[in-house]
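So the sequences go chain by chain: A and B.
With the first letter of the first sequence counted as 1, position 181 gets the number 181 in my numbering; the numbers rise by one all the way through.
With the first letter of the second sequence counted as 1, position 249 gets the number 249 in my numbering; the numbers rise by one all the way through.
The hints are simulated quantities; they were obtained by calculation from the structure and are not laboratory data.
Even glycine gets a Cβ: it sits at the ideal position worked out from N, Cα and C.
Careful: at least some of the hints might be erroneous.
To be verified - Calculated from the model, a selection of chain B residues having no Cβ within reach of chain A, i.e. all distances over 10 Å: (1) 75; (2) 228; (3) 263; (4) 360; (5) 397; (6) 398; (7) 474; (8) 509; (9) 545.
What the hints assert, rightly or not - Taking lysine-lysine pairs in the DSBU-like style, the calculated list, with each CA pair at most 30 Å apart, reads: (10) 439/B x 505/B; (11) 128/B x 108/A; (12) 535/B x 36/B; (13) 36/B x 128/B; (14) 252/B x 132/A; (15) 36/B x 505/B.
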Amino acid sequence: MSPDTSAAAESHRGHHPALVHHFDSLAEQHEAASLGMWTFLVTEVLFFGGALMAYSVYRSWYPEAFASASHHLDITLGAFNTAVLIFSSLTMALAVHAAQLGQIPKLKLFLILTMALGATFLVVKGFEYHEKYVEGHIPGLFPFNYQEEPQFFAHAQIFFSIYFVLTGLHALHMLVGLGIMVWMYVWAHNGTIDRDYNSPIEIAGLYWHFVDIVWIFLFPLLYLIGRHGTTAH
Amino acid sequence: MSATPAQSTLSAKPTLPAISPVMPEHHYLNNGYGLKSWLLTRDHKRIAILYLLSVSFFFLLGGLFAVVVRLELATPAGDLLTSDNYNKSFTMHGVLMVFFFLIPAIPATLGNFLIPLMVGAKDLAFPKINLLSWYIYMLGASFGSWAILTGGLDTGWTFYTPFSTVASTSAVVPAALGVFISGFSSILTGLNFIVTIHRMRAPGLTWFRLPLFVWAHYATSLIMILGTPVIAITIVLVAAERVFSFGIFDPKRGGDPVLFQHLFWFYSHPAVYIMVLPAMGVISELVAGSCRKSVFGYHFVAFSSLAIAIIGFFVWGHHMFVAGQSVYAALIFSILSFLVAIPSAVKVFNWTATMYKGSVTHATPMWYAMGFIGLFTIGGLTGLFLAAVGLDIHVTDTYFIVAHFHYVMVGGTIMGYLGGLHYWWPKMTGKLYNENAAKVAAALIFFGFNLTFFPQFVLGYLGMPRRYHAYPPEFQMLNVLSSAGASILAVGYIFPIIYLLYSLKNGRIAGANPWGAVGLEWRTSSPPPTFNFEKTPSVTWEAYEYPEGVESHVA
Numbered sequence: 001m002s003p004d005t006s007a008a009a010e011s012h013r014g015h016h017p018a019l020v021h022h023f024d025s026l027a028e029q030h031e032a033a034s035l036g037m038w039t040f041l042v043t044e045v046l047f048f049g050g051a052l053m054a055y056s057v058y059r060s061w062y063p064e065a066f067a068s069a070s071h072h073l074d075i076t077l078g079a080f081n082t083a084v085l086i087f088s089s090l091t092m093a094l095a096v097h098a099a100q101l102g103q104i105p106k107l108k109l110f111l112i113l114t115m116a117l118g119a120t121f122l123v124v125k126g127f128e129y130h131e132k133y134v135e136g137h138i139p140g141l142f143p144f145n146y147q148e149e150p151q152f153f154a155h156a157q158i159f160f161s162i163y164f165v166l167t168g169l170h171a172l173h174m175l176v177g178l179g180i181m182v183w184m185y186v187w188a189h190n191g192t193i194d195r196d197y198n199s200p201i202e203i204a205g206l207y208w209h210f211v212d213i214v215w216i217f218l219f220p221l222l223y224l225i226g227r228h229g230t231t232a233h
Numbered sequence: 001m002s003a004t005p006a007q008s009t010l011s012a013k014p015t016l017p018a019i020s021p022v023m024p025e026h027h028y029l030n031n032g033y034g035l036k037s038w039l040l041t042r043d044h045k046r047i048a049i050l051y052l053l054s055v056s057f058f059f060l061l062g063g064l065f066a067v068v069v070r071l072e073l074a075t076p077a078g079d080l081l082t083s084d085n086y087n088k089s090f091t092m093h094g095v096l097m098v099f100f101f102l103i104p105a106i107p108a109t110l111g112n113f114l115i116p117l118m119v120g121a122k123d124l125a126f127p128k129i130n131l132l133s134w135y136i137y138m139l140g141a142s143f144g145s146w147a148i149l150t151g152g153l154d155t156g157w158t159f160y161t162p163f164s165t166v167a168s169t170s171a172v173v174p175a176a177l178g179v180f181i182s183g184f185s186s187i188l189t190g191l192n193f194i195v196t197i198h199r200m201r202a203p204g205l206t207w208f209r210l211p212l213f214v215w216a217h218y219a220t221s222l223i224m225i226l227g228t229p230v231i232a233i234t235i236v237l238v239a240a241e242r243v244f245s246f247g248i249f250d251p252k253r254g255g256d257p258v259l260f261q262h263l264f265w266f267y268s269h270p271a272v273y274i275m276v277l278p279a280m281g282v283i284s285e286l287v288a289g290s291c292r293k294s295v296f297g298y299h300f301v302a303f304s305s306l307a308i309a310i311i312g313f314f315v316w317g318h319h320m321f322v323a324g325q326s327v328y329a330a331l332i333f334s335i336l337s338f339l340v341a342i343p344s345a346v347k348v349f350n351w352t353a354t355m356y357k358g359s360v361t362h363a364t365p366m367w368y369a370m371g372f373i374g375l376f377t378i379g380g381l382t383g384l385f386l387a388a389v390g391l392d393i394h395v396t397d398t399y400f401i402v403a404h405f406h407y408v409m410v411g412g413t414i415m416g417y418l419g420g421l422h423y424w425w426p427k428m429t430g431k432l433y434n435e436n437a438a439k440v441a442a443a444l445i446f447f448g449f450n451l452t453f454f455p456q457f458v459l460g461y462l463g464m465p466r467r468y469h470a471y472p473p474e475f476q477m478l479n480v481l482s483s484a485g486a487s488i489l490a491v492g493y494i495f496p497i498i499y500l501l502y503s504l505k506n507g508r509i510a511g512a513n514p515w516g517a518v519g520l521e522w523r524t525s526s527p528p529p530t531f532n533f534e535k536t537p538s539v540t541w542e543a544y545e546y547p548e549g550v551e552s553h554v555a
């Protein structure tokens with residue numbers, strides 16, 4: 001598998017402390033880790049895909065109810081959060097770049113910025129959830145309120161069920177991402193990450209970008225139904 | 001005994017070793033003895049043993065529920081169990097067997113043990129994730145056990161809504177959580193295999209030099225990573241509906257229970273191939289090793305695994321012919337279900353062709369291989385009956401279905417599992433089991449299996465529905481035959497536990513290659529050292545390249 005040259009170069013440099021026993025070189029180890037994360041992200045696509053399948057079926061069956069319920073989401077907060085996540089993808093990419101150049105102080109700065117943006121997203125999401133609770137738009141546990149358009153009372157509950165499942169799972173992934181960022185910060189701080197061994201940052205970055213991309217799909221699918229040509233009321 | 005003198009030096013008969021082998025001084029089993037050396041191990045071989053013990057435990061537990069079911073069905077009246085308890089018995093039998101035995105059975109034990117050995121690697125790509133997958137499995141299995149202890153589950157293993165979300169009063173959430181959690185162990189196993197097979201093959205070991213066992217596990221891993229997340233999200237939706245009263249599958253709010261069935265079977269039909277593909281990989285090795293020949297049409301068998309994995313994702317609708325899907329959908333799913341039989345048939349024909357003019361040895365693994373080929377053929381052909389919409393409607397939810405999937409699951413997966421366990425037992429433990437005892441057990445299992453399940457085809461065709469604890473008296477004779485067969489089957493399953501455990505202490509020493517087989521796993525000591533090989537092997541030969549002297553009399 002590994003060409004002799006890279007193995008020789010590796011032994012020339014001496015064993016890197018991060019090289020585990022069953023790989024010949026850090027490059028081989030990085031390739032394996034990277035393929036592992038991409039494979040994991042494939043499973044994530046299928047995971048969200050199942051819920052999006054349910055979304056597609058019901059949206060095509062109940063388009064008016066979905067448009068009506070969608071108008072109850074706060075488009076300003078949603079757009080703000082979208083911007084926050086796109087910006088966090090930028091800081092994440094800069095963190096990976098800094099790690100590859102071995103610039104540890106910069107890496108730590110960008111990791112902190114990424115965490116701050118991720119936390120901002122979650123706080124805003126919390127306010128949105130609270131607003132839904134106050135308005136009586138949480139189906140099931142609390143009395144559901146849809147007096148403005150009572151003809152959509154049943155189907156709007158399906159919309160909000162899917163809304164809470166999708167955004168809830170996304171928020172859970174954000175929380176996991178924040179945990180990974182803390183972990184990466186510790187590794188940057190204690191010297192585990194260096195110029196030769198930065199694949200953990202890159203792989204954490206893949207995960208972070210993926211979670212951002214999920215939101216890029218959720219925002220239009222949930223917030224922007226039937227918004228064209230009319231103003232939100 | 002039938003071996004000609006020219007072959008005797010290459011004889012695969014384990015009872016006649018040329019020289020008496022000795023146990024290697026250092027191997028993975030004596031590299032530490034404490035509990036910690038097992039529970040914190042990252043050695044794929046030790047993790048395989050952990051899995052072997054735990055899946056065997058859940059196999060026996062699931063078997064106990066089957067005993068209860070067959071006891072109840074020995075008489076027409078529902079006299080042993082209440083109907084509620086009967087519902088719980090067959091449900092727990094199904095849940096335990098499917099999610100905690102059949103799915104991990106071969107990949108997590110034999111696959112875990114053998115894939116790094118077969119590709120010439122020191123370990124799987126992610127040893128810590130491999131250990132984590134076992135802990136996740138145990139956590140999931142604990143939730144499953146919690147469901148049993150808190151009153152059991154009565155939804156059937158399929159968790160159909162709206163019964164599972166609004167009506168059932170049994171432990172749906174713990175059981176669903178158990179399935180959800182154990183799914184992650186399956187995803188991690190699949191991910192580990194994919195990366196290992198891509199990235200960690202020994203120098204010279206090209207894709208088409210890989211043993212077919214590895215190809216089968218690669219295909220299985222694809223299904224694991226593509227299918228399992230879908231059952232995970234489906235369970236999340238069911239749990240959200242049950243815990244938070246969300247309305248995704250609730251007909252009162254416009255939700256559709258049939259959507260649940262689509263999502264469920266999108267995983268659960270391919271899951272059948274998660275169970276049977278690894279067994280097919282085992283059979284390829286057993287047939288090649290026992291016939292001392294390359295598997296006939298190696299490339300076809302390799303690609304048929306991938307074909308099954310891919311087509312298997314497009315046939316789920318055949319579980320829903322009576323669930324109100326459109327007639328066109330039923331038509332298409334019917335055609336696709338016929339198609340998936342082609343790669344399965346390729347395998348069966350090619351194994352049979354491999355035997356033709358081979359130097360067939362009749363050691364226990366070959367008995368299991370032949371049992372698999374016969375039983376899987378019956379299971380597969382009755383699958384074609386069920387793919388035909390008209391006939392399927394007649395036998396839907398009857399014992400015909402029960403017999404069909406037991407022929408595939410038990411006649412396929414468990415025969416593969418036991419055959420593989422016998423074939424690689426000397427490699428895993430360094431000891432030989434008693435060949436005569438093993439043959440008695442194999443014969444009991446084959447006979448008991450057919451006696452248990454063949455009458456169920458007849459029962460189903462005559463119209464006996466599944467999942468009822470009482471039935472009309474005219475069905476009694478066939479049900480008694482089935483229950484009698486089940487008791488023979490039970491003896492057949494318990495017997496290997498006894499002689500295999502006995503061999504650990506008293507078995508003769510196997511040596512590195514007791515079968516005289518080719519394949520990298522036989523080129524290291526038995527049991528293998530912790531890092532598998534003294535030095536990384538370099539492969540310059542094709543898969544199953546058996547010595548010419550044996551091949552020559554074939555032509």
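Item to check | Numbers of unmet hints, in rising order | outcome: 2 and 3
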